[in-house]
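Q: Protein sequences appear in the order of chains B and V.
The opening position of the first sequence corresponds to residue 2 in our numbering, with each subsequent residue numbered one higher.
The opening position of the second sequence corresponds to residue 2 in our numbering, with each subsequent residue numbered one higher.
Read the hints as simulated data drawn from the structure, not as lab findings.
Heads up, some of the hints might be wrong.
In this list, chains with the same sequence are indistinguishable; a pair is considered to hold if it fits within one copy or across any two.
Once the Cα atoms are required to be at most 25 Å apart in a straight line, the calculated DSS-like pairs of lysine-lysine come out as [stated by the list, open to error]: (1) Lys76 x Lys104; (2) Lys76 x Lys94; (3) Lys76 x Lys99; (4) Lys13 x Lys76; (5) Lys94 x Lys14; (6) Lys104 x Lys4; (7) Lys4 x Lys99; (8) Lys76 x Lys4.
Chain by chain, the residues:
There are 2 protein chains.
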Amino acid sequence: MIKVGETASLTKKFSESDVRTFADISGDHNPIHIDPEFAASTRFERPIVHGMLTAGMISAVLGMQLPGPGCIYLKQELNFRAPVYFGDTITAKVIVIKTREDKPIITLETSCTNQDGTTVIDGEAILMVPK
Amino acid sequence: MIKVGETASLTKKFSESDVRTFADISGDHNPIHIDPEFAASTRFERPIVHGMLTAGMISAVLGMQLPGPGCIYLKQELNFRAPVYFGDTITAKVIVIKTREDKPIITLETSCTNQDGTTVIDGEAILMVPK
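Can you build the whole structure from these sequences, using the hints too?
A: Okay, here's the thing in C-alpha cells:
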C-alpha cells in the first residue's frame, strides 16, 4: 500500500552525446540543443539539454522505483523553470502527495534539480498503481 | 505575429532501437519498455515506447516549426491516453489556441496520434516567443 509522503529519487549527468542521441531518436533538432553558435545568440548562451530528455528521469523514477514496474502513467505536468546544460548533474525526485480510496490512482509531486540545487523542472504526475 | 489557429505537425515511426537508446540516455529501464516477457504480463501485452520519447516529438514541432527556434518552453501538460508500440507511426500536431497582448506568451493544444488515428497523448503547451 503506497502512502502519502513516500519518496524516491535518481541522479544522472547529461552529456553532449546524450543530447545529440536524443535529437536523432526524437527528431528534435532544434538548434538550441545542437548548435553552439545559435545557442550563443539566445538568453541561454550555451546549448541546453532537451526538456523531455530531462523529464525522462521523472518517468524513470516512477516506472522503476515508486510506484515501480507495472504502473500506468496517466498524466504528467512539466513546468520548465531553468535550463539544463551539458555536464549538469540532475536529480529527479518524486513524492506521493495524494492517494485515493475508491481507485488505485496516486498523485506525486515531481521535480528535477541541478547540482546547485536549482529546480529545473517541477510539476505533478498521476499514475494508476498495480494491485 | 503568431495567430490563433496556426498549426504544424511532424510524423515519425518509432523502432525498438529508438526505445533501447532512450532507456540508456534517460536511465529509464522500466521493463515495460524493454522486457517482452514482463510486458506480456501487463494490460499492454507488448513492450511500449516511453511516453517522454513520444512527447519529444511535440517538443520537436514546437522548437523547429511553430513557434520555432528561439522559443522558450515554459510548460507542457501530457495526458497519456493510449500506448505506443514499436513500429507505430506517430504524428505530433500543435495548434495555437491563445495569444496574449501584454506578453509574448502563447498557448498551444498539443497531441500525438498513431497510424490508426488514435490519440496517444494530448495536452497543452505554453511558450515564450522570440520577438
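Q: Each hint needs a verdict: does it hold in this structure or not?
A: Here is how each hint holds up against the structure:
1. Lys76 x Lys104: within (15 Å within a copy, 28 Å between copies)
2. Lys76 x Lys94: Classified as both: same-chain Cα gap 16 Å, cross-chain 18 Å, threshold 25 Å.
3. Lys76 x Lys99: Both: 14 Å inside a copy, 22 Å across copies.
4. Lys13 x Lys76: Both, since 23 Å and 22 Å are each at most 25 Å.
5. Lys94 x Lys14: Within one copy only: 15 Å inside a chain, 31 Å across chains, cut-off 25 Å.
6. Lys104 x Lys4: within (14 Å within a copy, 41 Å between copies)
7. Lys4 x Lys99: Only inside one copy: Lys4 and Lys99 sit 8 Å apart there, 39 Å across copies, limit 25 Å.
8. Lys76 x Lys4: Close inside one copy (19 Å), not across copies (28 Å); limit 25 Å.
Checked against the numbered hints given earlier, this structure breaks none of them.
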